[in-house]
Amino acid sequence: MKRSHQETYLEQQEAPSVAEYGKKLEGSSVGGGDDNIDELLAALGYKVRSSDMADVANKLEQLEMVLSNDVVGSSNSFLNDTVHYNPSDLSGWAQTMLSGLSYYPDLDPTRVCDLRPITNDDESCCSSNSSNKRIRLGPWCDSVSSESTRSVVLIEETGIRLVQALVACAEAVQQENLSLADALVKRVGSLAASQAGAMGKVATYFAEALARRIYRIHPSSAAVDPSFEELLQMNFYDSSPYLKFAHFTANQAILEAVTMARGVHVIDLGLNQGMQWPALMQALALRPGGPPSFRLTGVGAPSNREGIQELGWKLAQLAQAVGVEFEFNALTTERLPDLEPDMFETRPESETLVVNSVFELHPVLAQPGSIEKLLATVKAVKPSIVTVVEQEANHNGVVFLDRFNEALHYYSSLFDSLEDSVVIPGQDRVMSEVYLGRQILNVVAAEGIDRVERHETLDQWRRRMGTAGFDPVNLGYDAFKQASLLLALFGGGDGYRVEENDGSLMLAWQTKPLVAASAWKLAAELRR
Amino acid sequence: MSEKRIGMIEKSNNKRQRVTQDRPEFSINDHHDVLVEILRRLDGPSLCSAACVCRLWSAVARNDSIWEELCFQQVSPRPSLSLRSVVSALGGYRCLYFLCIRPVLARLPKLLWTRDQLQLSLSLYCVHYYERLYVGAWIGDAPPSSLMFLRKPVNVV
Numbered sequence: 001m002k003r004s005h006q007e008t009y010l011e012q013q014e015a016p017s018v019a020e021y022g023k024k025l026e027g028s029s030v031g032g033g034d035d036n037i038d039e040l041l042a043a044l045g046y047k048v049r050s051s052d053m054a055d056v057a058n059k060l061e062q063l064e065m066v067l068s069n070d071v072v073g074s075s076n077s078f079l080n081d082t083v084h085y086n087p088s089d090l091s092g093w094a095q096t097m098l099s100g101l102s103y104y105p106d107l108d109p110t111r112v113c114d115l116r117p118i119t120n121d122d123e124s125c126c127s128s129n130s131s132n133k134r135i136r137l138g139p140w141c142d143s144v145s146s147e148s149t150r151s152v153v154l155i156e157e158t159g160i161r162l163v164q165a166l167v168a169c170a171e172a173v174q175q176e177n178l179s180l181a182d183a184l185v186k187r188v189g190s191l192a193a194s195q196a197g198a199m200g201k202v203a204t205y206f207a208e209a210l211a212r213r214i215y216r217i218h219p220s221s222a223a224v225d226p227s228f229e230e231l232l233q234m235n236f237y238d239s240s241p242y243l244k245f246a247h248f249t250a251n252q253a254i255l256e257a258v259t260m261a262r263g264v265h266v267i268d269l270g271l272n273q274g275m276q277w278p279a280l281m282q283a284l285a286l287r288p289g290g291p292p293s294f295r296l297t298g299v300g301a302p303s304n305r306e307g308i309q310e311l312g313w314k315l316a317q318l319a320q321a322v323g324v325e326f327e328f329n330a331l332t333t334e335r336l337p338d339l340e341p342d343m344f345e346t347r348p349e350s351e352t353l354v355v356n357s358v359f360e361l362h363p364v365l366a367q368p369g370s371i372e373k374l375l376a377t378v379k380a381v382k383p384s385i386v387t388v389v390e391q392e393a394n395h396n397g398v399v400f401l402d403r404f405n406e407a408l409h410y411y412s413s414l415f416d417s418l419e420d421s422v423v424i425p426g427q428d429r430v431m432s433e434v435y436l437g438r439q440i441l442n443v444v445a446a447e448g449i450d451r452v453e454r455h456e457t458l459d460q461w462r463r464r465m466g467t468a469g470f471d472p473v474n475l476g477y478d479a480f481k482q483a484s485l486l487l488a489l490f491g492g493g494d495g496y497r498v499e500e501n502d503g504s505l506m507l508a509w510q511t512k513p514l515v516a517a518s519a520w521k522l523a524a525e526l527r528r
Numbered sequence: 001m002s003e004k005r006i007g008m009i010e011k012s013n014n015k016r017q018r019v020t021q022d023r024p025e026f027s028i029n030d031h032h033d034v035l036v037e038i039l040r041r042l043d044g045p046s047l048c049s050a051a052c053v054c055r056l057w058s059a060v061a062r063n064d065s066i067w068e069e070l071c072f073q074q075v076s077p078r079p080s081l082s083l084r085s086v087v088s089a090l091g092g093y094r095c096l097y098f099l100c101i102r103p104v105l106a107r108l109p110k111l112l113w114t115r116d117q118l119q120l121s122l123s124l125y126c127v128h129y130y131e132r133l134y135v136g137a138w139i140g141d142a143p144p145s146s147l148m149f150l151r152k153p154v155n156v157v
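First to last, the sequence lines map onto chains B and D. Per full-length UniProt numbering, the first sequence runs over residues 1 to 528. Per full-length UniProt numbering, the second sequence runs over residues 1 to 157.
Some hints here could point you the wrong way.
Mimicking DSS-like on lysine-lysine, the simulated pairs with C-alpha atoms at most 30 Å apart in a straight line are [claimed, not checked]:
{"#": "1", "chain 1": "B", "residue 1": "K512", "chain 2": "B", "residue 2": "K481"}
{"#": "2", "chain 1": "B", "residue 1": "K481", "chain 2": "D", "residue 2": "K4"}
{"#": "3", "chain 1": "B", "residue 1": "K521", "chain 2": "B", "residue 2": "K481"}
{"#": "4", "chain 1": "B", "residue 1": "K512", "chain 2": "D", "residue 2": "K110"}
{"#": "5", "chain 1": "B", "residue 1": "K521", "chain 2": "B", "residue 2": "K379"}
{"#": "6", "chain 1": "B", "residue 1": "K373", "chain 2": "B", "residue 2": "K481"}
The hints are simulated quantities; they were obtained by calculation from the structure and are not laboratory data.
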């Protein structure tokens, strides 16, 4: 039992100051871990909450006293025969040792202690349970017992019935057979409620969307509370890699395009919370040869004018901290195609211009002719590089049933990835699902101008950009490396993959591409 | 025993006593700069262990240059001085280590630590700083969570 000797040795040396140190630490925690686990001890492999430090120190002191008072021979069997299932939990270990030693005051050496295993939040246990409920056939955990295998097979069957019911309902809607569709939607609802895991959640959202379509309740986009929208998006940024991948890849493309520039002007077609720009500013600050001046023009909705100004102020603070000369302009417009080239106040002689759009182009497709106007405006300001990130899916087909099937496949993969990746607190995952659920509602239930989630595939965007007069720019190996590293950090058991597609990068979950990032420059004959 | 031998033993005892009295007592705790130099050469777990020894060592270990050394231990071309000012503005090397670098290393133990990984960690650190600035303003007490995906329970295997 080397470990106990180590603890007691430490205790003998510094018994009073450990307790004091613990009390001092209660007030301070470096970096703010959310459950206040002391970081220095965490680096050594012990999980102790900062608030428990004093308590643990006291227990260790008591343990040391008990061990030194006991005759060594009599306590030997207890020390040697106990099994500690979670030695990183110092508090629990000390408690067990104390209760064990005081329970057997005069030990019978032949008696074996049978300690209850320390039940702790065992995340690996939870995740193995949820993996059983995945709809697809996948590699099961070795610890799956035969009983749960049987229940897994049952769940799979209900899953297939669920998908069949969903598709049948969509077909009925397509054929305008609303009474049949109504009956099927109710059936889907009850099946989805009994289906656990990602499939059940996706099915619930699709069922709701179908119901809205049947009863013609279009969710009005004006009714959305913008601060709630922001909250959802922020949460989605934090808990999944899609937005991070988009931002980091676009930033890498921008960095490669502005290596020699003295001044950089970025036009962000959808500023939102500005989460993309801190990382770019930090990278520019560390550029060999010194940072360029950085001007950001953020485009947002008129209702959010104050929020955008606030955001600009915070970005300015960050820029000052990292030492980058920064200027911020806010542009508000109800619709992107309304923008005119002279609104941007470009300074072509001193600044390299960049246009950035992350998930902002597809809503423009809702009105015919708008996308061409917007791309013409972008071309007119003569940017050095245009970065475009969009969902990789065709949710803009003319036939409703095709759209429905595509969307079902796409969002099932998305929800699956949320389910499987790094352990996220339950509430955050729910918020991400709500965020995606609203997209589902829009794709399925809305029509006409209201339907803004008009995702198109990379090939479709390539055709549009080519027609508008843009040439593709290869994203390069550095971007690929960075994206792979980022995704490796997200875990998910290698579910996330970066794929290269003719110079553009795609983020895929289990071989299904979900997000595509590409970069464009003006076609050769249009460049000065 | 003969008197001569007793005398010899006494003499050697005295000599030993004299020697111990003449040698000055050296305590590392009186020489913080030497302590800092020693701590700078430690790896992560040893440094954290050292920082848990006593209050003095814990205070000395807050010296950011020690953590800077730790962050760049395996990066072959040494990063520029401008990096130091950027990192201190964002919160210092100690925070960078605990928030970004250590979780990354823990998540990907076989990783060769190069400039790319350092650059990614820095970017994530910067986003974290910005989230504290921006989110703190309108969400109130909620802690910034952009690095939530890096936090994982520590397991001793």
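The hints, checked one at a time:
{"no.": "1", "hint": "B:K512 with B:K481", "verdict": "20 Å, holds"}
{"no.": "2", "hint": "B:K481 with D:K4", "verdict": "82 Å, violated"}
{"no.": "3", "hint": "B:K521 with B:K481", "verdict": "22 Å, holds"}
{"no.": "4", "hint": "B:K512 with D:K110", "verdict": "27 Å, holds"}
{"no.": "5", "hint": "B:K521 with B:K379", "verdict": "9 Å, holds"}
{"no.": "6", "hint": "B:K373 with B:K481", "verdict": "35 Å, violated"}
Violated hints, listed in ascending order, are 2 and 6; each of the other numbered hints is respected by the structure.
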